[in-house]
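Novice: Chain by chain, the residues run as shown.
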Amino acid sequence: MRNIFPRWSNTVPVKLIIGLGLIGGAVVAGITYYATPKYTRVGYQPTQPVSYNHEFHAGELGLDCRYCHSGVDKSSHANIPGANVCMSCHQNIKADSPLLEPVRLSYYGEDADKDGKLSEGEDLNGDGILNAGPAIPWVRIHKAPDYVYFNHAIHVNRGISCVECHGRVDQMVEVHHDKHLSMAFCLDCHRNPEKALRPLDEVTNLSWEVSTGEDVDPLIAQVHAGLELKDNWGVHPPLSCTGCHR
Amino acid sequence: MKSPTNQSVLPVGKEYWKSLDSLAETPGFRDWVSREFPEGASMLDGVQRRSFVKLMAASFGLAGLGMSGCRRPEHVILPYGKSPEELIPGVPAYYATAQPSGRGFQPLIIESHQGRPTKVEGNPSYLPYGGSTDIYAQASVLDLYDPDRAMGSFKRQSLKNGVNRWQKVSTSTVLDDLTQNYTDGKVAILAPRSHSLVRNSLKDKLASKGFKWFEHDAVDPSLAESKLGDILGVDFGLRAIPKLNSAKRVLSLDCDFLGNRESNELANTRSFMGGRKVLKPSDAKKMNRLYIVESDLSRTGGVADHRLRLEASHISAFAALVAAEILSKSKSSFPNSSSINHLKRLDSGLEKHQKWASEVAADLLTNPKQSVVLAGSHLPKEVQLLAYSMNRALGAIGSTIDYIRTETSAESISSFVDQVEKGNIERLIILGGNPVYQTKGFINWDELSKKLKSICRLGSSIDESSQIAEFHIGQSHYLESWDLGKTWDNTAIVPVQPLLAPLFDTVSESTVLSQLLGDDSDDYSQVKALHKSLSSGTKFEDFLRLGIHPVVPTFAGDVDPTSSLLAIKGKNLIHPSFSSSNLEVLVIPDFHAHDGQYANNGWMQECPDPISKLTWDNALLISPVMAKHLEAKYPDLGLLPKATMLNKNGEIAPDAALFEGGKQKAPVVSLQLGDRSILAPLYVQPGLADFTLVASVGLGRTHTGRVGQGSGYDATPLLSKPGSLVLTGASIEPTGQFKILANVQEHWSMEGRAIVREANADEYAADPSFAAHMGAESHSPPMWGKDQGKSLAEKATSTPRGNSAYEHPDHTYEKSDVFGIHQWGMTIDLNQCTGCSACVVACQSENNIPVVGKDQVLRGREMHWIRLDRYFSSTEREGADIPSDVQVSFQGIACMHCETAPCESVCPVNATVHDEEGLNAMAYNRCVGTRYCANNCPYKVRRFNFFDWNKRDTDSLYQGPLGDKNDTLVDMGKNPDVTVRMRGVMEKCTYCVQRIQESKIRTKVNAQRSAKLSSGEDGAGIKLETKDLKVPDGTIKTACQQVCPSDAIVFGDISDPESEVSKLKNNPRDYSVLGYLNTRPRTTFLAKVRNPNPRMPDFTSSPHSAREYSDRAHPAHHGDDHGTH
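Protein sequence lines correspond, in order, to chains A and B.
For the record, in the first sequence the residue sitting at position 37 is 37 according to our numbering, with numbers rising by one throughout.
For the record, in the second sequence the residue sitting at position 498 is 498 according to our numbering, with numbers rising by one throughout.
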């Protein structure tokens, strides 16, 4: 009886297996690279409504992070400052800069003559209150998923610096997403907090490094210093689901 | 479970039973409990498998088309232009306010997230309530975000077909119209009763301008005070304020003082249940004792030690019986012999209860000044007088009860009708309430409204009363208004301050009244001025912060009741004799809707009635005796469970009569009362007086929102005059129709085991650890291995969670990652629970628990994390007969956070795991919805999101993504600290993990900051001890614990031997439910102790449930012939 299948078909299964394996491998590799936070988040740099320069304000001028993000050590959220915070300086400095137009709009609102009082014709919506203007629509860069309850206060107050998650914001002209902030990123630090712990006064000092002797590896020095802090402060970061998921 | 349950061996039936069907062991019930989720719970209804696959294929195809879904969605953050002071985004603010109601102002603290009120708590500064709230206050926050609210003002347009259309108009134009047209002197204002001082002051001003004021409530607890004042012949009301913390013996004459039929439920619960706390055997002697005579089975009746079922119409006579005993034997000088003899002469016809009455009287008299008699507000004035006289004779006034003086100035709705007929009133303003719904039994509003020139309505939603009005003005929620009012006991004046500006174009009651006066001052300045007039010496801001201004109530003083007693005529006390064709109807406020105002509140609708366990409906309750009468007359009614039948194949045939596919089929009857009649579904309720029917008002509304529409039946047509809630001469007849009732009482039954453990006070005093001798664990204790004898704290912190026989490393907190710094645990004191169910709604509010709707409750898919199991137990029974005299036990069941949790071991994706502090964690984002965990949970506490409850309209759940989305207004009330769960994930009680984590974070932050501040250095040298990082005991309160008026629930760290929860767990009354399964639950229960009087005719030496258990556990002792087990 003649062979039903031609000779070349003998290799088909092998080719198929290899082919499928390659495709599968490519898909896995592709997902691993392109579909994880390392690719999807890092580098995200949206255009902001006001071109606020972090490098200048936080780096050059040396404003403390908490001057604007004032809730960071009290609340789970690190708040974006209201326009009044910007205006506390910019009422005097660069008061007429066109770049600051959205800020002034938000701050003064109905207060057309900018005297802080409700004058004739200013109460546009008739509620008897001097209303602020529209909020500045800052575009959100760092966002934890809805089922993750990250708390800034506990990290900042227990010696974890802003730089650990947000990178060198003091060197960014426009802020971008610097670390990937995946669950593995969180757990790495929760398992080994000594790599990140630092004295409380240095938390907002983004350029701080543990002082070392000349021949000591700074990483080892950090781990040693960190372990001491961990022990002194009783730092036991939660490792189970309830720590972050509620 | 389908193993033959041979009925011939079962008649002993000595076991717990939760409903009539489980009592009768019908196959329907057997079938029910053998499934994890009740039938239908996991079936795709109305969707064919084939079409389902097609649909899925299509949706996958569509998903591939657009890659746009991969784009990162852009979020914006919108900060303030000018940040408000003291507001930190992410930190909730708390404001003191109060909920106004006809039952007094309830002091509250509201949690607000960035201006959105999300959770209601009690104000602990008001000591009688101790920081607790009732269920209605908990649910009231949902009304603020009700999409069916009146979102502004409307003008009515009548269409030809009789339907009304509502045209939106601006509120200010309607108010202008009011000032122009409603000031001609013939204007009446009709409102529900209020305790507002703002209203009072405006009312006086309005009266001087010629406005006539009328008040009406369908259910009005303040009626009792005017009845008493009336019969005593004084010109003021006497409001009874029980002081139950000093009461040892309480006799309640149909007075539901722990329930929603009377006022001051919270203070009464707190003080009365406080007298039932037994922590050591010597407390058993100090325990208080409650006698109750009632027609309905109320929550108060469930707590009672002795309960006599008596038709409400007979209670006057019974009161005279007890009063004669008390007055004749009292040592007090007050009753003279003529009044005693007079009372004795009043032929009561209740000889069969003579022994009961005289023993009660004797017991009350042995504790003079420590006993009190309370009378239900719906009872006639003679009963109020008799109760007053008994309290006076017992020396109770001033020690266990106060009578405070109240003014009753408003006229009733009857005189309003008269004045309209006479032409004295031409215009009407209906100020809140819902009088058209409540009074249609005796007022023909269609006729009446024709005699009026115009009607204007202020109301929170467009309801029945709006239908006759020309204009409907939207009323602001109390969280959007200013007000000032008194608590029920008149000991405090509390502010109502708004948490946010009105969400819609709505106004408050006082704005409307000021408008009528032509007064431009806003509500805020009125409240401020009134506060100033109190001359309290505190600043207004401080008053708002504390939320309380204590005042001394005016006491009524001593009024001699002798002449009024002598004036009682025997004919007022003679009671009709009832039969199955001459019934009594008791009308009560509905549990779900109260007087109707919560009919559109999904949380209230879905919270099961504590006694009947009905959701989304009310039923006409009848007694088992009456049910038997009906069954004899109409054999096909299917009212009572039938004895099990075998079909041809020898299988147990399901009894379709009562439950069909797990749904309760209730026969609809026509209730005839003279020329009035209503249609209502029947529900057999043990514990009712034989010939009493219990109907409830509040449901069956015709014009309400999407939630309340079509729920329940309307009993208001039965009411023939204001305040008359006990009606006689009724008869019922089946219509042949049936109604499906969503009853949760058969869900998740725990059959025949020592679930609730009880003992009498004497037994407890003799054997404090009686609970340990019950249940399977008394001879098969949980296996702690070599740690068996260790203390609780040691077990919680050092015993490995697998209990291996090998040596283990040190697992204490400092040396291990496996055990955390705290070990959380909870105790629930069954002796303190009254079944008020506030915990159920508090949990729902705190944890974003969705409402699923009646259809889904019928499928057993309700989502409550804590459920209140209600068990009945009774004396000896004959076979499947339903007993009439029952004892009630409540047990709140939520996730037990088992140490060796059966759910965890079966989860294929590790979505439910243990955390280091003993919480049984549920990671929603990991859950794939296999439901194995729910299957393996012996406590049946896990809830599955069969649908996107939070996202989809309950009506279009089955349309999946094609269905309508929910109104987003409701989302504003969600707790931002808790994940809103999506379809396909499991959920359950978390011990309020968000509160735990917040407290832990706050403790650590505070410790670190204060250490840094005190050291003054850069913080590197700070040394923090474990104790600095521990959350102090009592800091964390779970939502259910915080709301509980009787402090039945205690939560805390069990690794700390000094914490309250540890102490309670070391109490001998402590036991675990199903402890023999070795689940080692972190939630344990304190066994219930009852305190019956050995001299009473209905005394039993053990609680019924304990005897039922021992009969079953030790059948040999029973002397029965049912052989060996």
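It should be emphasised that the hints constitute simulated quantities derived from the structure, not laboratory data.
Positions of the beta carbon are idealized from the N, C-alpha and C atoms, including for glycine.
Hints are not guaranteed to be accurate.
Sample of chain A residues facing chain B (criterion: CB under 8 Å; computed from the structure) [unchecked claim]:
{"#": "1", "residue": "His77"}
{"#": "2", "residue": "Gly159"}
{"#": "3", "residue": "Gln222"}
{"#": "4", "residue": "Gly226"}
{"#": "5", "residue": "Lys230"}
{"#": "6", "residue": "Trp233"}
{"#": "7", "residue": "Pro237"}
Chain B is faced by these chain A residues, among others (derived, beta-carbon under 10 Å) [to be verified]:
{"#": "8", "residue": "Tyr52"}
{"#": "9", "residue": "Tyr108"}
{"#": "10", "residue": "Val223"}
{"#": "11", "residue": "Ala225"}
{"#": "12", "residue": "Leu227"}
Novice: Hint by hint, note whether the structure agrees.
Specialist: To see whether the hints hold, each was checked on the structure:
Among the interface hints, the one on histidine 77(A) holds; its C-beta lies about 4 Å from the nearest C-beta in chain B, closer than the 8 Å criterion. Checking glycine 159(A) against chain B by beta carbon gives a least distance of about 7 Å; that is within 8 Å, so the hint holds. Interface hint status for glutamine 222(A): violated, as the beta-carbon distance to the closest one in chain B is roughly 13 Å, over 8 Å. The restraint placing glycine 226(A) at the interface with chain B is violated, with a minimum CB-CB distance near 11 Å, outside the 8 Å limit.
The closest approach between the C-beta of lysine 230(A) and any C-beta of chain B is roughly 11 Å, which is over the 8 Å cut-off, so the hint fails. Given hint, tryptophan 233(A) at the interface with chain B, holds; its Cβ is 5 Å from that chain's nearest Cβ, closer than 8 Å. With a cut of 8 Å, the hint placing proline 237(A) at the interface with chain B is violated, because the nearest CB-to-CB distance is about 10 Å. The interface hint given for tyrosine 52(A) is violated, since its Cβ lies 12 Å from the closest Cβ of chain B, which is over the 10 Å cut-off.
Residue-level restraint check for tyrosine 108(A) holds (minimum Cβ-Cβ distance to chain B is 8 Å; threshold 10 Å). Contact between valine 223(A) and chain B, as hinted, is not supported at the beta carbon level, the nearest pair being about 15 Å apart and thus beyond 10 Å. Interface hint status for alanine 225(A): upheld, as the beta-carbon distance to the closest one in chain B is roughly 8 Å, under 10 Å. With a least beta-carbon distance of about 12 Å to chain B, the hint placing leucine 227(A) at the interface is violated under the 10 Å criterion.
Checked against the numbered hints given earlier, the structure breaks hints 3, 4, 5, 7, 8, 10, 12 and satisfies all the rest.
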